[in-house]
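There are 2 protein chains.
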Amino acid sequence: MTTLLDRMRIVMCATSHPGNIGAAARAMNTMGVSQLVLVAPRLFPHEEATARASGATAVLDAVRVVDTLDDALAGCAASIGFSARPREFAGSVLPVRAAAAYALRHAGEGDVALVFGSEMSGLSNDELARCQVIATIATNPHYSSLNVAAAVQLACYELRVAAHGDTVWTAPRFPAASSDEIARLFAHAETTLAGMKFFDPSHPRRLLPRLRRLFARAGLEKEEVNILRGILARVDELIARDA
Amino acid sequence: MTTLLDRMRIVMCATSHPGNIGAAARAMNTMGVSQLVLVAPRLFPHEEATARASGATAVLDAVRVVDTLDDALAGCAASIGFSARPREFAGSVLPVRAAAAYALRHAGEGDVALVFGSEMSGLSNDELARCQVIATIATNPHYSSLNVAAAVQLACYELRVAAHGDTVWTAPRFPAASSDEIARLFAHAETTLAGMKFFDPSHPRRLLPRLRRLFARAGLEKEEVNILRGILARVDELIARDA
Numbered sequence: 352m353t354t355l356l357d358r359m360r361i362v363m364c365a366t367s368h369p370g371n372i373g374a375a376a377r378a379m380n381t382m383g384v385s386q387l388v389l390v391a392p393r394l395f396p397h398e399e400a401t402a403r404a405s406g407a408t409a410v411l412d413a414v415r416v417v418d419t420l421d422d423a424l425a426g427c428a429a430s431i432g433f434s435a436r437p438r439e440f441a442g443s444v445l446p447v448r449a450a451a452a453y454a455l456r457h458a459g460e461g462d463v464a465l466v467f468g469s470e471m472s473g474l475s476n477d478e479l480a481r482c483q484v485i486a487t488i489a490t491n492p493h494y495s496s497l498n499v500a501a502a503v504q505l506a507c508y509e510l511r512v513a514a515h516g517d518t519v520w521t522a523p524r525f526p527a528a529s530s531d532e533i534a535r536l537f538a539h540a541e542t543t544l545a546g547m548k549f550f551d552p553s554h555p556r557r558l559l560p561r562l563r564r565l566f567a568r569a570g571l572e573k574e575e576v577n578i579l580r581g582i583l584a585r586v587d588e589l590i591a592r593d594a
Numbered sequence: 352m353t354t355l356l357d358r359m360r361i362v363m364c365a366t367s368h369p370g371n372i373g374a375a376a377r378a379m380n381t382m383g384v385s386q387l388v389l390v391a392p393r394l395f396p397h398e399e400a401t402a403r404a405s406g407a408t409a410v411l412d413a414v415r416v417v418d419t420l421d422d423a424l425a426g427c428a429a430s431i432g433f434s435a436r437p438r439e440f441a442g443s444v445l446p447v448r449a450a451a452a453y454a455l456r457h458a459g460e461g462d463v464a465l466v467f468g469s470e471m472s473g474l475s476n477d478e479l480a481r482c483q484v485i486a487t488i489a490t491n492p493h494y495s496s497l498n499v500a501a502a503v504q505l506a507c508y509e510l511r512v513a514a515h516g517d518t519v520w521t522a523p524r525f526p527a528a529s530s531d532e533i534a535r536l537f538a539h540a541e542t543t544l545a546g547m548k549f550f551d552p553s554h555p556r557r558l559l560p561r562l563r564r565l566f567a568r569a570g571l572e573k574e575e576v577n578i579l580r581g582i583l584a585r586v587d588e589l590i591a592r593d594a
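Top line first, the protein sequences correspond to chains A and B.
Under the working numbering, the first residue of the first sequence carries the number 352, and numbering increases by one thereafter.
Under the working numbering, the first residue of the second sequence carries the number 352, and numbering increases by one thereafter.
Don't take every hint at face value.
When chains are identical, the list treats them as one kind, so a pair holds in a single copy or across two.
Said to hold, decoys possible - Computed list of lysine to any residue pairs in SDA-like fashion (alpha-carbon distance at most 25 Å, straight line): (1) K548 with V576; (2) K573 with Y494; (3) K548 with N476; (4) K573 with L445; (5) K548 with R436; (6) K573 with E460; (7) K573 with P437; (8) K548 with Q483; (9) K548 with A594.
By construction, these hints were calculated from the structure, which means they are not laboratory data.
Here the structure is a predicted model, which means the values were calculated and not measured.
Produce the entire structure from the sequences given, and follow the hints as far as they go.
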């Protein structure tokens, strides 16, 4: 089954460090993005790339190496270039989250390229001019040295969340206590707390409302009501023995 | 000036590879998060940590190393544990984006810990039980091997976007063309296109509406109208010479 993420093509231009290629392959694989195109990498294939890919060999094995950015973009419906630096003639500039949504909107028409520059200098103005959209990633203005594989990680994460949402697993739900069960629990608690002399029924003050608020916030389950009533019953026995 | 991000405390438990500590420090620094606490790291300090930190020495120099998770969480207003695996007794489980919003909401009350487990096994149930919220990161279900420093990167990115938004730089804006200037441009274009015999004014068809639509979508600037009228004027000269 082809998904929208299969349409995404990560393009890395003039990458210097093969470790970054491997780390990018792993980053892509964790997010379900599989097409990697390298434009004139300095060293590839390379053992450091394989090591840092850490088992994401499906991505590395399918890598395409090409000579120019135009080769990398051939057949794409749209392309998005990443740039940390402002550019004078930028047309459409989007934060990576909005750029991911843009990429998915165009995935129905063909592949969409996400283009990353070299470690030292990013994308040139000429390279960016081949992209319809420039994407930015929020960083600390005092230290914006985002590793290129980390940038690929963040972009692929935003693609995955945009394509499939961000719910991974949810808290298990057990049967909720009914209103009657909760009412009986608080009636029992009131009696027991009075029996313990923790609570004077003629001066109720705020104890019971506070307890009701706590348990309302938690959202009581049947099983939890049973546990709490078991604790109260045990206290009742202690009170009876003490009497 | 203390910002909300200064309240965020990244806690890494039992990290095996010092390179991951360095990469996490760099990831934090790029997003403006500075407090790193290591619980019983296997190797630290270590040259690989320093190398991978790539200049994020401010974070590494301020690292605190402690023996237990309880030590790491001391003084925190809230703590959030990261887990890829579903847990039977999980209470509140949030995707990392929602967890980042939760962290910032509690930052007014004190530090907020974001807790990451070891490379091999993540956080234990006992460790997670010390956290009020469990956070999840969306990954490819067929290859969810997210590197721990990459997880720190994504979490810190979500914190930064939640705290400061995700606008980095925007496309430069130049003065927009007025309606009159645009009307004159299209009047000029109509004359020139007719003069070129590209367009028959008695059978207007869809040419002009299509061109109007294109330029409306682009949002014409004054300078662009001048360039386009300059091109039309040059064509007018060619037509005149050809006549």
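Structure-based check of all given hints:
1. In this assembly of identical chains, K548 and V576 lie within 25 Å of each other by CA distance solely inside one copy; the values are 22 Å within and 86 Å between copies.
2. Neither within a single protomer nor between protomers do K573 and Y494 lie at most 25 Å apart by alpha-carbon distance, with minima of 52 Å and 37 Å respectively.
3. When the C-alpha separation of K548 and N476 is checked against a cutoff of 25 Å, the pair qualifies neither within a copy, at 78 Å, nor between copies, at 37 Å.
4. For a Cα distance limit of 25 Å, the shortest separation of K573 from L445 across copies, 24 Å, qualifies, whereas the shortest one inside one copy, 49 Å, does not.
5. Taking the closest pair of Cα atoms, K548 and R436 never come within 25 Å of each other, the shortest separation being 69 Å inside a single copy and 45 Å across copies.
6. In this homomeric assembly, K573 and E460 never come within 25 Å of each other (Cα to Cα): the closest approach is 52 Å inside a single copy and 33 Å across copies.
7. In the homo-oligomer, the alpha carbons of K573 and P437 lie at most 25 Å apart only across protomers (22 Å), although the nearest pairing inside one protomer, at 58 Å, exceeds that limit.
8. In this assembly of identical chains, the alpha carbons of K548 and Q483 never lie at most 25 Å apart, being 74 Å within a copy and 32 Å across copies at closest.
9. Taking the closest pair of Cα atoms, K548 and A594 come within 25 Å of each other only inside a single copy of the chain (12 Å); across copies the shortest separation is 111 Å, beyond that limit.
Hints 2, 3, 5, 6, 8 from the earlier list are contradicted by this structure; the remaining hints agree with it.
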